[in-house]
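These protein sequence lines map, in sequence, to chains Z and X. Residues 0 to 125 in numbering that gives the first Met the number 0 are what the first sequence spells out, letter by letter. Residues 0 to 206 in numbering that gives the first Met the number 0 are what the second sequence spells out, letter by letter.
Treat the hints loosely; a few may be bogus.
[Claimed, not checked] Covered stretches of chain Z, as calculated for chain X (at least 3 residues, CB under 8 Å):
1. 8-15
2. 39-45
3. 67-75
[Said to hold, decoys possible] With a straight-line Cα cutoff of 16 Å, these simulated EDC-like cross-link-like pairs (lysine to aspartate or glutamate) come out:
4. X:K38 <-> Z:E20
5. X:K82 <-> X:D171
6. X:K187 <-> Z:E20
7. X:K38 <-> X:D57
8. X:K38 <-> X:D171
9. X:K187 <-> X:E174
Calculated directly from the structure, the hints in this document are not laboratory data. Don't be surprised by glycine CBs; every beta carbon is placed ideally from N, CA and C.
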Amino acid sequence: MTHDRDPFEERCREALAARVESVDGHARSRLNRARQAALAERAASSGTRPFRVPGFWLPGSVLAGAAVLALAVWVARPVVNPPTALAEASALEDAEMLSSSEGPDLYQDDAEFYDWAGGDAAGGTG
Amino acid sequence: MACSATLPRDDCHGRSDAGRPASGEGFLDATRELERFLKDVERRAFRIAEIALRNPDDALDVVQEAMIQLARSYGDRPGEQWKPLFYRILQNRIHDWRRRRQTRSRVIAWWTGGIAQEDDAPDPIDAAVSTDAGPQERLEQGEAMGALEQALAALPPRQQQVFLLRALEGMDVAETAAAMGCSQGSVKTHYFRALQALRARLGEHWT
Numbered sequence: 000m001t002h003d004r005d006p007f008e009e010r011c012r013e014a015l016a017a018r019v020e021s022v023d024g025h026a027r028s029r030l031n032r033a034r035q036a037a038l039a040e041r042a043a044s045s046g047t048r049p050f051r052v053p054g055f056w057l058p059g060s061v062l063a064g065a066a067v068l069a070l071a072v073w074v075a076r077p078v079v080n081p082p083t084a085l086a087e088a089s090a091l092e093d094a095e096m097l098s099s100s101e102g103p104d105l106y107q108d109d110a111e112f113y114d115w116a117g118g119d120a121a122g123g124t125g
Numbered sequence: 000m001a002c003s004a005t006l007p008r009d010d011c012h013g014r015s016d017a018g019r020p021a022s023g024e025g026f027l028d029a030t031r032e033l034e035r036f037l038k039d040v041e042r043r044a045f046r047i048a049e050i051a052l053r054n055p056d057d058a059l060d061v062v063q064e065a066m067i068q069l070a071r072s073y074g075d076r077p078g079e080q081w082k083p084l085f086y087r088i089l090q091n092r093i094h095d096w097r098r099r100r101q102t103r104s105r106v107i108a109w110w111t112g113g114i115a116q117e118d119d120a121p122d123p124i125d126a127a128v129s130t131d132a133g134p135q136e137r138l139e140q141g142e143a144m145g146a147l148e149q150a151l152a153a154l155p156p157r158q159q160q161v162f163l164l165r166a167l168e169g170m171d172v173a174e175t176a177a178a179m180g181c182s183q184g185s186v187k188t189h190y191f192r193a194l195q196a197l198r199a200r201l202g203e204h205w206t
């Protein structure tokens, strides 16, 4: 959209442009600080505050993603079915038997005794 | 003819989902691009705010708020969208600032029983309009810029906004309409009326 501006309009533009060029040092300094504050705000609000590692920058989202992945792998790992209370008791019993100082013959003797006692009771002797 | 002074809907919710990916290098490139943009517009934005508010400290505060909101809410947008968004935020901030100042003035006036106090500075914009020295006189004194600024300050806000965005920021009609959230027809009308009012106040000899 090119049209010839009238001299009045052109003079207004020139005067305003000159005014922009004459911004003083105090205002320039404030503007510089404002710009830096805005850029810091962007880094903070985007959630991608860069994390410095030697050689390059890693955004926070990459680190967060890695953490989530690690958690997912840990949660989804294959698990062994938990032993039942009965099996646990049985295992304990087995261990107790194997570690006992008494030999397995003792238990064999007991079986013979109970067998004899049962038969004796049934026969009515005694 | 009334223009909407509201920001896009997602302004209230932070970043839009139309943002660019925030990978490491991409993030730094976008940040550098944003810094270049802000550096490019900051002085003009400051002058626009200063003319609108007639107070350099207020203008600096408003520009800083606009910069921060742009970076926080729209920093991930493509760079070509930043200018209209930034000026829309800036104009809304200016509007809020003026409204707060008017409210404060009313409260002070009510508190003091409506009696004008010497310490209570009148609205700077009103003061600019009711200045003793006329535009013609100021021109003769070599204060052309001061006369122009006072004439600009006396414009209705929407005319002032359109004129400054076009004449100072160099936006075309479409960009100005996008920044103001109104039609291009409204922009043309406001601009024409602003030029007429300025010409009437400053006089033809300005040329």
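- Query: Which numbered conditions among the earlier hints are violated in the structure presented, ordered from lowest to highest?
  - Reply: When the structure is compared with the hints, numbers 3, 6, 7, 8 turn out to be violated.
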